[in-house]
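Student: Sequence:
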Amino acid sequence: MLQSRELPSVLACPYSNLLISWPTGGLDPDLKAAYNSFMKSCEKGGKKSVNACHNVGLLAHDGRVNDDKPDPVVARDYYTKACDGNFAPSCFNLSVIYLQGAPGVPKDMNHALKYSLKGCELGHIWACANASRMYKLGDGIEKDDAKAEDLKNRAKQLHKEQKEASSSLIFGE
7 MLQSRELPSV LACPYSNLLI SWPTGGLDPD LKAAYNSFMK SCEKGGKKSV NACHNVGLLA
67 HDGRVNDDKP DPVVARDYYT KACDGNFAPS CFNLSVIYLQ GAPGVPKDMN HALKYSLKGC
127 ELGHIWACAN ASRMYKLGDG IEKDDAKAED LKNRAKQLHK EQKEASSSLI FGE
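Residue numbers (our numbering): 7 to 179.
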């Protein structure tokens, strides 16, 4: 059986990362190889690299590539690269890291709000909800009911759009 580390070099692209980390067709998963491949794609830069940067962040965040020891500093750094490339899920994940704080990444409500707002601007429902809640409660920032309501309405609108888009999918025709 072909092992993931034996994949031909022609597969050295972002899509091979998926084969390595979420294999089908008999490949054994090798998350460390996937992590290294995602990292290489991320560092290479370019429009498609934000997905790879986000995946490095995910794998570092949950610790699956580091003997189940999360590395929030690496996660933060790679989520930041992806968020800077306008990848909404990374902006949301950054906001959560800053909302909660983590070893090496102190709780920082200003950063949490910044990344929640950017994620919301990019269309991430939960980023809008987090920013709304922060304004509603005055959680580390000045309380602002009007901003809280605007962000809550944005989250509701995004949810409605998402439901409409998914209900319009028709399979088998």
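Bear in mind the hints are in silico, worked out from the structure with no lab data behind them.
Model, not experiment: these values are computed from the prediction.
We put the CB at the ideal spot given by N, CA and C, even for glycine.
Some clues are possibly wrong.
DMTMM-like cross-link-like pairs, simulated, lysine to aspartate or glutamate; straight-line CA separation at most 25 Å [to be verified]:
no.	residue 1	residue 2
1	46	114
2	158	148
3	53	74
4	54	73
5	169	148
6	54	90
The calculated label-pair distances, taken between Cβ atoms and stated as ranges, are [stated by the list, open to error]:
no.	residue 1	residue 2	range
7	112	90	44 to 50 Å
8	107	168	27 to 33 Å
9	90	151	37 to 43 Å
10	109	129	37 to 43 Å
11	168	37	26 to 32 Å
12	167	75	36 to 42 Å
Student: All hints are to be evaluated individually against the structure, with a verdict given for each.
Tutor: Status of the hints after comparison with the structure:
| no. | hint | verdict |
| --- | --- | --- |
| 1 | 46 <-> 114 | violated (30 Å) |
| 2 | 158 <-> 148 | holds (17 Å) |
| 3 | 53 <-> 74 | violated (30 Å) |
| 4 | 54 <-> 73 | violated (28 Å) |
| 5 | 169 <-> 148 | violated (33 Å) |
| 6 | 54 <-> 90 | holds (13 Å) |
| 7 | 112 <-> 90: 44 to 50 Å | violated (21 Å) |
| 8 | 107 <-> 168: 27 to 33 Å | holds (30 Å) |
| 9 | 90 <-> 151: 37 to 43 Å | violated (31 Å) |
| 10 | 109 <-> 129: 37 to 43 Å | violated (31 Å) |
| 11 | 168 <-> 37: 26 to 32 Å | holds (30 Å) |
| 12 | 167 <-> 75: 36 to 42 Å | holds (39 Å) |
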